[in-house]
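Asks: Given next are the chains, with one letter for each unit.
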Amino acid sequence: MEPILSVQNLNKYYGDQVGCKNMNMTLYPGEVVGVVGESGSGKTTFINSISGNLNPDSGKILINKDNEIINFLEISESLKRLLIRTELAFVHQNPRDGLRLDISAGGNISERLMSIGHRNYGNIRQTIFKWLDKVEIDKSRVDDFPRTFSGGMLQRLQIAKNLVTSPKIIFMDEPTGGLDVSVQAKILDLLRKLVRELNLSVVIVSHDLAVIRLLADKIIVMKNGEAVESGLCDQVLDDPQHSYTQLLVSSVLQV
Amino acid sequence: MNNVLKFKNKKANVAAQDEIYNFAYLDENTKRMIRRALIKALCIPGYQVPFSSREMPMPYGWGTGGVQVTSSCLTTDDVLKVIDQGADDTTNAVSIRNFFKKTANIETTETTGDASIIQTRHRIPEKQLNEKQILVYQVPIPEPLAFLEPRYQETKKMHALSEYGIMHVKLYEDITKNGHIETAYAYPVKTNDRYIMDPSPIPKFDNPKMNNNPAIQLFGAGREQRIYAIPPYTEVTSLDFEDYPFDPSKAPHKCSICGSNDSFLDEIITDDDGNRSFICSDTNYCNQRMKDK
Numbered sequence: 001m002e003p004i005l006s007v008q009n010l011n012k013y014y015g016d017q018v019g020c021k022n023m024n025m026t027l028y029p030g031e032v033v034g035v036v037g038e039s040g041s042g043k044t045t046f047i048n049s050i051s052g053n054l055n056p057d058s059g060k061i062l063i064n065k066d067n068e069i070i071n072f073l074e075i076s077e078s079l080k081r082l083l084i085r086t087e088l089a090f091v092h093q094n095p096r097d098g099l100r101l102d103i104s105a106g107g108n109i110s111e112r113l114m115s116i117g118h119r120n121y122g123n124i125r126q127t128i129f130k131w132l133d134k135v136e137i138d139k140s141r142v143d144d145f146p147r148t149f150s151g152g153m154l155q156r157l158q159i160a161k162n163l164v165t166s167p168k169i170i171f172m173d174e175p176t177g178g179l180d181v182s183v184q185a186k187i188l189d190l191l192r193k194l195v196r197e198l199n200l201s202v203v204i205v206s207h208d209l210a211v212i213r214l215l216a217d218k219i220i221v222m223k224n225g226e227a228v229e230s231g232l233c234d235q236v237l238d239d240p241q242h243s244y245t246q247l248l249v250s251s252v253l254q255v
Numbered sequence: 256m257n258n259v260l261k262f263k264n265k266k267a268n269v270a271a272q273d274e275i276y277n278f279a280y281l282d283e284n285t286k287r288m289i290r291r292a293l294i295k296a297l298c299i300p301g302y303q304v305p306f307s308s309r310e311m312p313m314p315y316g317w318g319t320g321g322v323q324v325t326s327s328c329l330t331t332d333d334v335l336k337v338i339d340q341g342a343d344d345t346t347n348a349v350s351i352r353n354f355f356k357k358t359a360n361i362e363t364t365e366t367t368g369d370a371s372i373i374q375t376r377h378r379i380p381e382k383q384l385n386e387k388q389i390l391v392y393q394v395p396i397p398e399p400l401a402f403l404e405p406r407y408q409e410t411k412k413m414h415a416l417s418e419y420g421i422m423h424v425k426l427y428e429d430i431t432k433n434g435h436i437e438t439a440y441a442y443p444v445k446t447n448d449r450y451i452m453d454p455s456p457i458p459k460f461d462n463p464k465m466n467n468n469p470a471i472q473l474f475g476a477g478r479e480q481r482i483y484a485i486p487p488y489t490e491v492t493s494l495d496f497e498d499y500p501f502d503p504s505k506a507p508h509k510c511s512i513c514g515s516n517d518s519f520l521d522e523i524i525t526d527d528d529g530n531r532s533f534i535c536s537d538t539n540y541c542n543q544r545m546k547d548k
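Those protein sequences? They're chains B and D, same order as listed. First residue of the first sequence: 1, per the working numbering; consecutive thereafter. First residue of the second sequence: 256, per the working numbering; consecutive thereafter.
In case anyone wonders, no lab produced these hints; they're calculated from the structure. Certain hints may be false.
[Stated by the list, open to error] Here's a subset of chain B near chain D, in silico, CB distances under 10 Å, partners left out: (1) SER78; (2) ILE103; (3) GLU111; (4) ARG112; (5) LEU113; (6) MET114; (7) SER115; (8) ILE116; (9) GLY117; (10) ASN120; (11) ARG125; (12) VAL142; (13) ASP143.
[Stated by the list, open to error] Now the stretches of chain D that chain B is said to cover, found in silico as 3 or more residues with beta-carbon under 8 Å: (14) 425-433; (15) 496-510.
Note that CB positions come from ideal geometry on N, CA and C, so glycine has one too.
My request is simple: use the sequences and hints to build the entire structure.
Replies: What follows is the structure in structure tokens.
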């Protein structure tokens, strides 16, 4: 099987400061890769660099689109933005960054559909209802503004908005950050269900090892902008080799 | 110097072009700059060309963009008509007509068919225009995406890459809230199957008239410093959904003066009891019909 996304020797500097350095990653279809590390370790820089939000300084990002390998950093701006709208999705930590707050929930979900040419109101409406159902938002809220939604609902709405065009690769930056634990559990449950159901390939960034353990198949541990350890999720978390990973694993609070 | 010239004019009581101004008010260099913008705009239908808008002797929002475009297009042979909401006799129309009468000493008319340049605010004349005519629109906000995406850099990118999904989101919201597309003026159009364009606040009733029009259509936004254009015989389509097609719509009444059934109507409250009547907004069209009777 070919990887759907492969990142090779990716570097991103902010002036002299290291954002992330010499990063490598392969993501296979249906796989979830977790990126963990403390604040400032370069997780967000990494995910922003590989999703088109930031321009990395050097390296390669290869995306497999229907058996055609696309060099993400060398394609035209228009193709890049088309890919970002159709093949890729980005779930922000703060759902307000990924939603238009003065447009109804349905309008938010429909934007990606219409940007790829859907022009039938009735069909668009049906798709919106289908996705509201999938992310467990009551259908009666379809015409309400996102600002009337709770934090958890906003995050679920953002997920629906992103998944409506069936993207192949989903990037998530701390999707459950800032939510209370029961809502977090709900979102994680939903994400796990969607990943299995739709066979999504996901890169998920989190400082929360529990989140990563629940969702991810593989894990990359970052510190000071570099990957210090990577491998199968259970293996790395059960038998951490690098001293930083050991520290990270042992720092998890037990209830 | 100016005072001397003014004095001279007063003394001689010159009825001809007021000599203290260059022909049609703007200096030749400015007119050349605007003509260049106009030519570029005509080459890329619907694309907004930035231009260095000048201070005009009227406030922004009163047609400074349109006046600059008209000034750059005028020749001594031109016959000018100016309308405001379809009418030749409203303040804005009368003032702009007098402005060019004074600064360019050109002939003016109220008859649509006789005019070679028509400057308009918010209407397209009912009478079909011809190949020898130029229609100049006054535009307040040229950017159709402005209310959806406030960042100008971003809207530029969206135009460049034809990322117009958000435009339909606006129409989607309209249908969702009102059961139909509520936008009744400044209804967005696609020009030559490429650029989405704001047709200036004309009623959507006028939108179909832009399509395949033999006349040159020029749009000037003074405050926003943008010029755009539709060349003759260009396809202009109004955005819609398959199941909610574009509807020009019209008040279900007749003009109570000329009885026209197919012109755009103004609603007039006639007394304190809420009685109302409807008359053509295009005064010249209405008068002409009365004359023909």
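Asks: Has the region 425-433 of chain D got at least three residues whose CB is nearer than 8 Å to a CB belonging to chain B?
Replies: Holds, because 5 residues of the region 425-433 of chain D bring their Cβ atoms closer than 8 Å to Cβ atoms of chain B.
Asks: How about the region 496-510 of chain D: do at least three of its residues have a C-beta closer than 8 Å to a C-beta of chain B?
Replies: It holds, with 4 qualifying residues against the three required.
Asks: Close enough to count: is the Cβ of ILE103 of chain B nearer than 10 Å to one in chain D?
Replies: With a closest approach of 6 Å, the ILE103 of chain B hint holds.
Asks: When the nearest CB of chain D is found for ASP143 of chain B, is that gap smaller than 10 Å?
Replies: holds (5 Å)
Asks: Given SER78 of chain B was flagged as interface, is its beta-carbon under 10 Å from a beta-carbon of chain D?
Replies: This interface hint holds because 5 Å falls under the 10 Å limit.
Asks: Does the nearest C-beta of chain D fall within a distance shorter than 10 Å of the C-beta of ARG112 of chain B?
Replies: Cβ of ARG112 of chain B sits 7 Å from chain D, so the hint holds.
Asks: Should the interface hint for LEU113 of chain B be scored as holding, given a Cβ-Cβ cut-off of 10 Å against chain D?
Replies: holds (8 Å)
Asks: Going by Cβ atoms only, is MET114 of chain B closer than 10 Å to chain D?
Replies: MET114 of chain B check passes; min Cβ-Cβ to chain D is 4 Å, inside 10 Å.
Asks: Quick check on the hint: GLU111 of chain B CB to chain D CB, less than 10 Å?
Replies: Check passed: Cβ of GLU111 of chain B comes within 5 Å of chain D, closer than 10 Å.
Asks: Do the numbers back the hint for ASN120 of chain B, that is, is its least Cβ distance to chain D under 10 Å?
Replies: Holds, because the Cβ-Cβ distance from ASN120 of chain B to chain D comes to roughly 4 Å (cut-off 10 Å).
Asks: Answer holds if the nearest beta-carbon of chain D is closer than 10 Å to that of ARG125 of chain B; otherwise answer violated.
Replies: Since the shortest Cβ distance to chain D is 8 Å, the answer is holds.
Asks: Using the nearest Cβ pair, does VAL142 of chain B come within less than 10 Å of chain D?
Replies: holds (8 Å)
Violated hints are absent here; each numbered hint is respected by the structure.
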